[in-house]
Amino acid sequence: MRTIIAAAGVVAALVASAPFGFAQEQEMPTPPRQAWTFDGPFGSFDRASAQRGFQIYAEVCSQCHSMKLVHYGDMGPSGPGGGLGFTEDQVKAIAAQPLVNGKQVTDGPDEEGNMFQRPARPSDALVAPFDNDKQATALYGAVPPDLSVIVKARAGGLDSIFGTRGPDYVYALLRGYTDPPADFKPSSATANYNEYFPGHQIAMPPPLTADRVTYADGTQATLDQESYDIVNFLAWAAEPNLEARHRTGVAVILFLLALVGVLYAAKRRIWAKVHNAEHAGAD
Amino acid sequence: MAHSGTQNRLVRWVDHRLPVFTFMAHELNEYPTPKNLNYWWNFGSLAGVMLVIMIATGIVLAMQYTPHVTMAFDSVERIMRDVNYGWLLRYIHMNGASFFFIVTYTHLFRGLYYGSYKTPRELLWMLGVVILLLMMATAFMGYVLPWGQMSYWGATVITNLFSAIPIVGDSIVTWLWGGFAVGNPTLNRFFSLHYLLPFVIVGVVMLHLVALHQHGSNNPLGIDRKGPQDSIPFHPYYTIKDMFGLGVFLLFFAAMIFFWPNALGDSQNYVEANPLQTPPEIVPEWYFLPFYAILRSVPDLWFIPAKLAGVLALFGSIGLLFVLPWLDRSRVRSARFRPIYKWCFWLLVLDALALGYVGAHRPEGFYIVLGRVATLYYYFHFLILLPLLGKFERPLPLPISISAAVLASHARPAAASVGKA
Amino acid sequence: MAESAQAKAVAAHGDGTRRDFLVLTAVALGGIGAAAAAWPLISSMNPAKDTLAAGAPVDIDISHLQPGQQLVVLWRSRPIFIVNRTPDELKTLQDPATAGQLRDAASAILQQPDYAKNWHRSIKPELLVLVGICTHLGCIPSFVPTPGGSLGSNWPGGYFCPCHGSRYDLAGRVFAGVPAPFNLPVPPYNFVSDTVVRIGENPAGSTFDLNSVQQL
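Protein chains in written order, with the numbering used here: chain P, 1 to 283; chain G, 1001 to 1421; chain C, 2001 to 2216.
Just so you know, these hints were derived from the structure itself, not from any lab. The structure presented is a predicted model; accordingly, all values stated were derived computationally and were not measured. Ideal Cβ placement from N, Cα and C applies to all residues, glycine included. Please note that the accuracy of each hint is not assured.
Calculated pairs, BS3-like style, for lysine-lysine (alpha carbon to alpha carbon, straight line, at most 27 Å) [to be verified]: (1) C:Lys2049 / P:Lys92; (2) P:Lys92 / P:Lys134; (3) G:Lys1391 / P:Lys273; (4) P:Lys103 / P:Lys92; (5) P:Lys68 / P:Lys134; (6) C:Lys2091 / C:Lys2049; (7) G:Lys1342 / G:Lys1391; (8) P:Lys68 / P:Lys92; (9) C:Lys2049 / P:Lys103; (10) C:Lys2049 / P:Lys68; (11) P:Lys68 / P:Lys103; (12) C:Lys2091 / C:Lys2124.
Example chain G residues on the side facing chain C (calculated, C-beta under 8 Å, incomplete) [claimed, not checked]: (13) Met1024; (14) Glu1027; (15) Met1063; (16) Tyr1085; (17) Ala1263.
Taking the hints into account, I'd like the entire structure generated from these sequences.
Listed below in structure tokens is the structure:
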């Protein structure tokens, strides 16, 4: 028994020291851990913030970044997790209005056999700024990543217990543009210095500044506020069923606790016969 | 078993033609099981339950998944967002793989500790190793299917291993790929095989159970049942105990699925596969880490290049498990009565954890040293320690029988004594 | 010793009922758990959100549809016939001789919304909208608007199903004596404008559901 406990202690020490965010092994400052409303087993999304975040995506980020896995209708009442709180009519209006990249949906072929452009519908995905990666590279020299699951694809994702998490990383990155330290030797003339980007040289220029957008609900658009809102939107976009998952999880755990209790009592009852016989025999 | 009325007649009608009921009655009700099994004996049934869960979720997921390089990643995200309960099925399947390995490794180490691989259970043990190999192949191919960065690059690294085989290596790799690199043909065939292998596992599990029932379960004391006083019927005693153990297990499983579903995964796999960009780290899932460490530890050995030597060491580490019954010749099964072997067992556990730790890091500096030491120790344990212990270890005296030992453990402390050898 | 054995027997019997209750509760809870666990597996096979969204109403531009022409579009994976009927064809529809050949001339059986329960089975007489699936066994009937011809001298014009020979008139009403039992269904639709028809959405005030018809 003691050896088991000792071994367990060693395991715990090893696990605690092993960085599970295996991908980030360079000497980089760790993005500070933020408190998000969707943290923890009872977390949920700040929908007001996420709606503002969508406004930022629509007016700023969608110039270069696609979100091909998110549909306009997902943000409405028939979307996963009940959407972002927009009504069906609001979703239709949002879809009909182009994002800042100005693109329309390519549809067809029509009766003459030609493809044509049309405004988006709720069943369409958010309209991408580029038709393909080569177009993006030709314009910007690099391919801006799709943002649909970006907060799960960076750092420790959404669920890292010990290390940095995706939302913390994105939040820190957006606010991490500074002047490089005096001794920093850039390997690229065009890259921008960012505290938290691995290697410190990011192709993306600072996307957000104070008052970059004017919020529809009148909230003050500081850099921190904008970063907070876009991350909330991106977190929802990456995991729209998070709240259903948490709700179901609580119910399942409670049910299992009850079931385990009953099963344990049943086991003790059934085994009492065997244990009593053993006790009786021992007298 | 008492039945009443039509059920009795129906039961007898069926049983006369296909003796399922007699079979169930024999295997469950009458089947004698040692009365002293502890909770480490729950893990076999847990593994069986995990196999069923993986197959059930896998079948419905396969209804929604598209095994084409342009659509695979998106189809998985569609499952997560649009398919009813798709997020739940996907997370169960994804974490189920990890829990399947947790349960199986525990089951395996239980066998190592209590000598369950020793005569007459050698084939039972070897069938188990076959199941482990099939699980590893299934898990490897399954991880490729979401077509993320780790899927693609993990597949590239591991399939490239086969090029280490002299002369035919490159042909084998091309044959595995179905092309010049990991691509659509590879993804399609991995999907086909990933669907097939679990059913092969089911077949081998049935053989595993038949082999088990030949001589019955081992027990913590490692001594044979001497008579009916040593055993109890499997039903209801171990059915209820297995149910209870399952409930506890499901609590942990549920906690993981619902609250930390991505904690055991690699965030890089949420980036779609890009054949033109290698991620900064290529790391397999945690259950492959020890083997990955062994693979990378071995340097050039005389005339054998490091790549081939690593592959041989990797497969050798599992090969050793196959021949374990012949490496460890001690006639005492359970580590309870083998004080030195007990220490060696825990050192092996530590070694496996160390190998896992090494596998998670880049092979640089300290990790190379630790990896090599740990790999050497692994081989040392099986090839040198165990045969030597079998010859020279002086075991503690064994109890006369299971019931005697159980009675003795319930007696008052002053009167407690184990039968003298 | 006899006393303690007896005491044990009593205790065992008392244990028996408590243990049955526990086992019963455990089995009941386990059953509920198993059913709850099975439900997501089954529910996942129902249409997913994107499939349902793709079933949203579609707007069709009929400005180029000439009189006598048919346009076929897909809505919810089904062919929808849209026909611009000529005045002659409308006259034939009202002819009692035509009505005599039909099984359900008055559209008594529920195969259409309330706003299409009239002699022309549509909102505007000149525009016909039908679900183009034969009510016999599901083939797609051919559009044969010209009277007479190879279908016989008293063929008024309509639809002919190539699979088993069912016939319908130019309002989708089924002929008597053919394999098909019911009129072709009329889907929910309304006019967004004079030139745009929205298939899949009722006009304001109607709550017709296509799934309520006798035979799709």
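The hints, checked one at a time:
Using a Cα cut-off of 27 Å, the hinted pair C:Lys2049 and P:Lys92 holds, with the two alpha carbons roughly 17 Å apart. Pair hint P:Lys92 plus P:Lys134 does not hold up; C-alpha atoms about 31 Å apart against a cutoff of 27 Å. Between G:Lys1391 and P:Lys273 the alpha-carbon distance is near 42 Å, which puts this suggested pair outside the 27 Å criterion. The suggested pairing of P:Lys103 with P:Lys92 holds, with an alpha-carbon distance near 16 Å, which does not exceed 27 Å.
The hinted pair formed by P:Lys68 and P:Lys134 meets the criterion: a straight-line CA distance of about 17 Å does not exceed 27 Å. A C-alpha spacing of about 45 Å is found between C:Lys2091 and C:Lys2049, which places the hinted pair above 27 Å, so the restraint is violated. Under the criterion of a C-alpha separation no larger than 27 Å, the hint pairing G:Lys1342 with G:Lys1391 is consistent with the structure, at around 16 Å. The hinted pair formed by P:Lys68 and P:Lys92 meets the criterion: a straight-line CA distance of about 18 Å does not exceed 27 Å.
A distance of roughly 25 Å separates the Cα atoms of C:Lys2049 and P:Lys103; the hinted pair therefore holds under the 27 Å criterion. Distance check on the hinted pair: C:Lys2049 and P:Lys68 sit about 16 Å apart at the alpha-carbon level, within 27 Å; holds. About 13 Å separates the Cα atoms of P:Lys68 and P:Lys103, which keeps this hinted pair within 27 Å; it holds. Straight-line distance between C-alpha atoms of C:Lys2091 and C:Lys2124 comes to about 14 Å, which keeps the hinted pair within the 27 Å bound.
With 8 Å as the threshold, the beta carbon of G:Met1024 stays out of range of chain C, its nearest partner Cβ sitting at about 17 Å, so the hint is violated. With a least beta-carbon distance of about 20 Å to chain C, the hint placing G:Glu1027 at the interface is violated under the 8 Å criterion. Interface restraint check: G:Met1063 against chain C, minimum CB-CB distance 7 Å, threshold 8 Å, status holds. Because the beta carbon of G:Tyr1085 sits about 4 Å from the nearest beta carbon in chain C, less than 8 Å, this interface hint is met.
Look at G:Ala1263: its Cβ only gets to about 22 Å from chain C, farther than 8 Å, so that hint breaks.
The structure fails hints 2, 3, 6, 13, 14, 17 (numbered hints given earlier, in ascending order).
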